[in-house]
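Participant: Those protein sequence lines, which keep their order, are chains A and B. For the first sequence, numbering that gives the first Met the number 0 begins at 0 and goes up steadily by one. For the second sequence, numbering that gives the first Met the number 0 begins at 0 and goes up steadily by one.
Derived from the structure by calculation, the hints contain no laboratory data. Built from N, CA and C at the ideal position, the CB exists for glycine as well. Just so you know, nobody snuck in bad clues.
One-sided and incomplete, this derived list gives chain B residues near chain A with beta-carbon spacing under 7 Å:
{"no.": "1", "residue": "ASN57"}
{"no.": "2", "residue": "LEU59"}
{"no.": "3", "residue": "SER82"}
{"no.": "4", "residue": "GLN86"}
{"no.": "5", "residue": "MET90"}
{"no.": "6", "residue": "GLN94"}
{"no.": "7", "residue": "ASN96"}
{"no.": "8", "residue": "PHE98"}
{"no.": "9", "residue": "HIS100"}
{"no.": "10", "residue": "LEU109"}
{"no.": "11", "residue": "GLN113"}
{"no.": "12", "residue": "VAL114"}
Capping the alpha-carbon separation at 27 Å, the derived lysine-lysine pairs in DSS-like fashion look like this:
{"no.": "13", "chain 1": "B", "residue 1": "LYS73", "chain 2": "B", "residue 2": "LYS27"}
{"no.": "14", "chain 1": "B", "residue 1": "LYS182", "chain 2": "B", "residue 2": "LYS138"}
{"no.": "15", "chain 1": "B", "residue 1": "LYS73", "chain 2": "B", "residue 2": "LYS8"}
{"no.": "16", "chain 1": "A", "residue 1": "LYS295", "chain 2": "A", "residue 2": "LYS224"}
{"no.": "17", "chain 1": "A", "residue 1": "LYS353", "chain 2": "B", "residue 2": "LYS138"}
{"no.": "18", "chain 1": "A", "residue 1": "LYS106", "chain 2": "A", "residue 2": "LYS353"}
{"no.": "19", "chain 1": "B", "residue 1": "LYS35", "chain 2": "B", "residue 2": "LYS73"}
{"no.": "20", "chain 1": "B", "residue 1": "LYS115", "chain 2": "B", "residue 2": "LYS73"}
{"no.": "21", "chain 1": "A", "residue 1": "LYS106", "chain 2": "B", "residue 2": "LYS138"}
{"no.": "22", "chain 1": "B", "residue 1": "LYS73", "chain 2": "B", "residue 2": "LYS116"}
{"no.": "23", "chain 1": "A", "residue 1": "LYS106", "chain 2": "B", "residue 2": "LYS116"}
{"no.": "24", "chain 1": "A", "residue 1": "LYS106", "chain 2": "B", "residue 2": "LYS115"}
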Amino acid sequence: MNRYVQWLRNNVFSGPVDCFITLSLGLFLWWAMGPLLDWLVIDAVFSGTSNEQCNPDAACWIFIREFLPQFIFGFYPEDERWRVSLAAATAILLLLIFFLINRYFPKNHSIRIAFPWVVLIAYPTISITLLYGSFLGVNIFGLNIVETHQWGGLFLTLIIAVSGIVGAFPLGIALALGRQSELPVIRAFCRIFIEVWRGVPLITVLFMASVMLPLFLPNNIDINKLVRALLCIMLFSSAYLAEVIRGGLQSLPSGQQEAASALGLSYWQQMRYIILPQALQQVIPGIVNTFIGLFKDTTLVLIIGLFDFLGIVQAAASNAQWLGHAIEGYIFAAMVFWCFCFLMSRYSLHLENKNRIQL
Amino acid sequence: MSPNKIDRKDVIVFDRVNKWYGDLHVLKDISLNIAKGEKWVICGPSGSGKSTLIRCINALEPHQEGDLYVNGDKLIDSLAHTSRIRQQVGMVFQQFNLFPHLTALENCTLALIQVKKLTEQQATELAMHYLTRVHIAEKAQQYPNQLSGGQQQRVALARALVMEPEIMLFDEPTSALDPEMIKEVLDAMIELAESGMTMICVTHEMGFARQVADQIVFMDEGEIIETAPPTEFFDHAKCARTQQFLKQILSHN
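Generate coordinates for the entire structure from the input sequences, incorporating the hints supplied.
Facilitator: Following this line, the structure appears as structure tokens:
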């Protein structure tokens, strides 16, 4: 007990000015938080099934509960939702195995090197088969086809975000290396690519991809709208990522590459074993920053008619039987987005600290 | 057209080599013949082109004119060729340039595994042999920033030696070290010299030069001013510039 009193005395009541500031802030919080708490929790309605049971002067969490399946699965047919759950469960399981392998196998163990590659090839194939029903026209499980316009909700948001991140990362590295290349054509291509994608708002890009691209393509070629949105987000983020990674490349002393060259390592070996491990480590905060931005940018796919998590929440808020609950919807959406972003931020901190001793 | 191969006992031949950085003429008509097993020390004021000279030998710097032969092979601008030359030429840098994300041992095994395609076990054995030779085997599992400057430089020496090069280049290997650590690195270099390695050292350690060198080269403003064996170089330098340089550096030592 004494310790806490001591802490309070040292940190928030250490002088007349401190006491004044602490007390005024406390009063302000009490004044401001009271009504907020009333609205959010105390007067709010948690149980029930219809809009009539809600308190018009407080939050109505029944709304969230009633629509939760839709928030998660979008318009995916109810009888087929187990497929989404199964794909998600597999992803979580694989992630768990990944962490366990990294924990219990030494740094250069072949399982540790092979596992991510196997997952990277196998998982998209399996999950596309599961979610869509067939993969490249092959329907091995005999599942019903669920067109991508029925996909939506949190699961669509996660699909766009994860494939965007997984695709943008290698592309960003390639662009960053290309921009430093000694070959003028490659260097110019990468610079133009980066400047063009960075100079255009994502909304414009998505809009062009969904409305204008079909005008230029021959009639018989139809690229799925989701795939187009995915590609846009991937390319868009890779341009930002490339600049972040370039910062890391430039932060390394030139002696590193010289020493690697002097040992006879080829350009790609130098990049793979010497330059990139250090450069990426240096810019983990910037990389994660870009990924968090990408995650939140997925909400923009609404304007091309894809109902991501936020889009579904908005749609539910304008449901005629449940009018007047947009605020609850947005608070819920904000909390979910925050959780995912916070998770990424913590993981980045963990990665930063893991290798701190060496650098 | 000069021949692509020459047949002689000299392992390094500079034949009227010229190099420019833009308009700056940094190497002027350099000609040198270094025979197998010889130890050469290159000295001169800073900016005289001595580092550039040895960095041309393993093609870290390209030269624009003249021919350079390593082990009888002419240096040409080809990736495969350059990689082969670099495996025969080891290099130790002023700033050590160890890879900070790898342990001392991994610093030594990386090129063995990736370039020479040894198994991890073979590479580890060989690396431990050379780490033992430079008296740093007990630090094999440490990361570079856990080591002192002198220890880092000895790891860097081991990293170059594991590739079993025929020629070793030293670019001011002791200049970035605290005085009390210079000796441990020089001792390792002297041991290496006694084993018969061909060595080219850019250094201001005149005691080392006197003890080990077969020939000492004095460079100034991109030119070789004087080349002589140590006794002659220190006691009967011919050029005024050499004498002046020696006076400055020896009074300092």
